[in-house]
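Following the hints, complete the assembly by docking chain B onto the known chain A.
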Amino acid sequence: MKRLRLDQWTGQLLLARPGAASVSASAPRAVLRSTTPLSRCAAVRCQSTAAAASPSIPAQGTPEDEYIDGTDHARFPPLENLPPRATSMPSPPPSRALESAKLAALHARLALPEKLPLQTLARALVDASADPSPDFNNSTLAFVGQSLIHYHVGEYLMCRYPRLPMDILYAAMKGYAGHTTLHHVARSWGVEHAAAPGGEVDPGLLQFSMHKPGDAITGFGYQRAELKYLRKYNWRHSISSRIVFDDDFGEIVDPEAQRETLGRRTDTQYGDAFTRSLAERAYANCTRAVVGALYTHAGREPAKAFVRAHILSRHLDLSQLFAFKKPAKELSLLCAREDFEPPVARLLSETGRLSRTPVFVVGIFSGKDKLGEAAGPSLEHARAKAAMNALKSWYLYSPGEHVRVPSDMLAEEAKPWEPVHIDVGEIIGR
Amino acid sequence: METLFTRPVASCCRRLASSATRTPRPAVVLPQPPARGKATAARARRSLNIPPHPSFLNSSKTADGSSQPTEEIIYNPPESAASVYHTPVKFLPSSDPRRRANLAEILAASQPASSSSPSSSSSSSTQPSVESFPMLSKTAPALKPRHHLTKEDIEEMRRLRAEDPATNSVAALARRFDCSQLFVLMCCQAPKEHREKMKAVEEKYKARWGPRRRAAREERARRNVMLYNGEI
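So the sequence lines, in the order shown, correspond to chains A and B. For the first sequence, the working numbering assigns the number 2 to the initial residue and increments by one for each residue that follows. For the second sequence, the working numbering assigns the number 21 to the initial residue and increments by one for each residue that follows.
The shape of chain A in the complex, shown without the other chains (with noise of 0.2 Å):
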């Protein structure tokens, strides 16, 4: 058998067109410039890989109706006809909007009603950073799509499991409308972004800059007067000062910390964990601003079932998210709490004691009844896991699968509303 010469094959590729590679590619791009000749007609990039590393290139001389971008137009004759003055635009204008191909097949694919226009799907897709002017990025709609999402995720866990206690429900929230999963409810939309903005570029795709810092969406919350304080001395915020204070997820609000890391954009590198954090939150305002989009052109039920199909319906286990410290105590504590009979651990069965590998299979009893059963290599650790599965079968349970939210009362004809259960609270400070 041969063997097989992979850089030779490398080598044919590379010699099949000699013409090309030393002009596309292999060329300093200053030189390109001076050399091709300009063309009167502007192009869009829609592929163009040269747009990321020279975001600003109109330069003052040239006429802002022209784009020089390298490409030989003559031979690359431009896809579509742009208005003038497109080029010199932060964001493609919206009467672009209806020839664009991709923001149809977005519309059409999130089976979007017809009252939505395209126009304002296309301002969903203008992130702040890249058109810096609320008229025309999506940060107004962005804030009313993530006060809508929040509202019907909290109102959903809330009435789902009553008993889940604060910083679990914080987490869950997160989990279901934090950024990094609206991030990915954006990509599974298909949306993709453009290498960087501009009047140009096709409306159907995302629009964000690495290098201009945008205004973050404000959400709900109060600046905390300790702010200063909490960071310098890593003070400890409570469970009850989060509820009061800080946003939805918890988290304290810090604005300066906030514009202090939208500013770094202007000297980031390409490729690290904190351009793609920017990039995800470019995605997960594309996100809340089509739910404010449709809120405001569709009305509520609509948007409402829009979050529940594309959000709601997203699978968070949240059995995942607990994590305890003195399980055994918490669960005593909870059953003197509730007048059960104190619990008490019982060997259901065991092998292999004196192996390498045993197996001990621990339950908890209150009285005849078992709370919770589990498998583990010692009899400390069978116990304690049995004790946590027992603790988290008290906090996740639910009322039933399809639980009325407040929110159902709104829509016409709505059966009377049944008070959902509300739990006493938590057994123990966290």
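Honestly, the hints are just simulated from the structure, not real lab data. For clarity, every value in this text was computed on a predicted model and none was experimentally measured. Among the clues, some could well be false.
Partner residues are not named here, just some residues of chain A that face chain B (Cβ under 8 Å, in silico) [unchecked claim]: (1) HIS298; (2) ARG301; (3) PHE323; (4) PHE325; (5) PRO343; (6) ARG347; (7) LEU349; (8) PHE366; (9) LYS369; (10) ALA385; (11) PRO400.
Cross-link-like lysine-lysine pairs, in silico, DSS-like; alpha carbons within 27 Å at most [stated by the list, open to error]: (12) LYS330(A) / LYS219(B); (13) LYS327(A) / LYS58(B); (14) LYS226(B) / LYS212(B); (15) LYS327(A) / LYS369(A); (16) LYS224(B) / LYS369(A); (17) LYS226(B) / LYS327(A); (18) LYS224(B) / LYS213(A); (19) LYS330(A) / LYS164(B); (20) LYS175(A) / LYS233(A); (21) LYS326(A) / LYS158(B); (22) LYS326(A) / LYS164(B); (23) LYS212(B) / LYS171(B); (24) LYS226(B) / LYS326(A); (25) LYS213(A) / LYS103(A); (26) LYS175(A) / LYS327(A); (27) LYS369(A) / LYS158(B); (28) LYS224(B) / LYS212(B); (29) LYS330(A) / LYS224(B); (30) LYS326(A) / LYS175(A); (31) LYS219(B) / LYS326(A); (32) LYS416(A) / LYS369(A); (33) LYS116(A) / LYS103(A); (34) LYS327(A) / LYS164(B); (35) LYS327(A) / LYS158(B); (36) LYS229(A) / LYS175(A).
C-beta atoms are modelled at their ideal positions from N, C-alpha and C, and glycine is treated no differently.
Showing chain B alone in chain A's frame:
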């Protein structure tokens, strides 16, 4: 309540055991321990050659008693831990409809088998009672806290601990005042020099650990952290 946690294995084993008593083949009898120490390989293989579980056999019988192979789905899942999303009846709030739905079963299970039918009595006899499982702790927990220590007792405890923390250790005080060590720890704290001395002693012991013991201890601590985070 009991129906929540029983596994089908108990009934399956019972069925197998009863079928074993009917059939003359002695190899089916379950209580026999697995044969590891047979003299020859052939005997070991023969002793381990037990028939498959009845739930894996096509045992659907027609009206005349002859069994015919039919197409059916065998559902015999392995034992697994109960899901934490399955709330025990004791944890259901009083307003929950599941409480009322299970009420008849709970009553039937809690009452003795004297008045019930023979089939239910056989099922309750196979259910081992809760007390038959051994407790992990030596003593049963007290139903009610005793509150037998007065304020003077606690002050006395504090005084003793402050006077001579070496003699009046936590365990000694717990024994003397007939309370738990946790209660002693809640009441009093040793003087600072004693704590520092004990810490120094502990450090001295730790310094004598070799690399193996240190690694084993560290691994055990890490495993505990993982356990409480629900990772293992």
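Hint by hint, here is what the structure shows:
no.: 1; hint: HIS298; in the structure: 38 Å, violated
no.: 2; hint: ARG301; in the structure: 30 Å, violated
no.: 3; hint: PHE323; in the structure: 6 Å, holds
no.: 4; hint: PHE325; in the structure: 5 Å, holds
no.: 5; hint: PRO343; in the structure: 4 Å, holds
no.: 6; hint: ARG347; in the structure: 4 Å, holds
no.: 7; hint: LEU349; in the structure: 6 Å, holds
no.: 8; hint: PHE366; in the structure: 6 Å, holds
no.: 9; hint: LYS369; in the structure: 5 Å, holds
no.: 10; hint: ALA385; in the structure: 6 Å, holds
no.: 11; hint: PRO400; in the structure: 7 Å, holds
no.: 12; hint: LYS330(A) / LYS219(B); in the structure: 26 Å, holds
no.: 13; hint: LYS327(A) / LYS58(B); in the structure: 49 Å, violated
no.: 14; hint: LYS226(B) / LYS212(B); in the structure: 21 Å, holds
no.: 15; hint: LYS327(A) / LYS369(A); in the structure: 24 Å, holds
no.: 16; hint: LYS224(B) / LYS369(A); in the structure: 48 Å, violated
no.: 17; hint: LYS226(B) / LYS327(A); in the structure: 25 Å, holds
no.: 18; hint: LYS224(B) / LYS213(A); in the structure: 58 Å, violated
no.: 19; hint: LYS330(A) / LYS164(B); in the structure: 15 Å, holds
no.: 20; hint: LYS175(A) / LYS233(A); in the structure: 26 Å, holds
no.: 21; hint: LYS326(A) / LYS158(B); in the structure: 23 Å, holds
no.: 22; hint: LYS326(A) / LYS164(B); in the structure: 24 Å, holds
no.: 23; hint: LYS212(B) / LYS171(B); in the structure: 24 Å, holds
no.: 24; hint: LYS226(B) / LYS326(A); in the structure: 25 Å, holds
no.: 25; hint: LYS213(A) / LYS103(A); in the structure: 25 Å, holds
no.: 26; hint: LYS175(A) / LYS327(A); in the structure: 25 Å, holds
no.: 27; hint: LYS369(A) / LYS158(B); in the structure: 19 Å, holds
no.: 28; hint: LYS224(B) / LYS212(B); in the structure: 18 Å, holds
no.: 29; hint: LYS330(A) / LYS224(B); in the structure: 32 Å, violated
no.: 30; hint: LYS326(A) / LYS175(A); in the structure: 22 Å, holds
no.: 31; hint: LYS219(B) / LYS326(A); in the structure: 23 Å, holds
no.: 32; hint: LYS416(A) / LYS369(A); in the structure: 40 Å, violated
no.: 33; hint: LYS116(A) / LYS103(A); in the structure: 18 Å, holds
no.: 34; hint: LYS327(A) / LYS164(B); in the structure: 21 Å, holds
no.: 35; hint: LYS327(A) / LYS158(B); in the structure: 20 Å, holds
no.: 36; hint: LYS229(A) / LYS175(A); in the structure: 25 Å, holds
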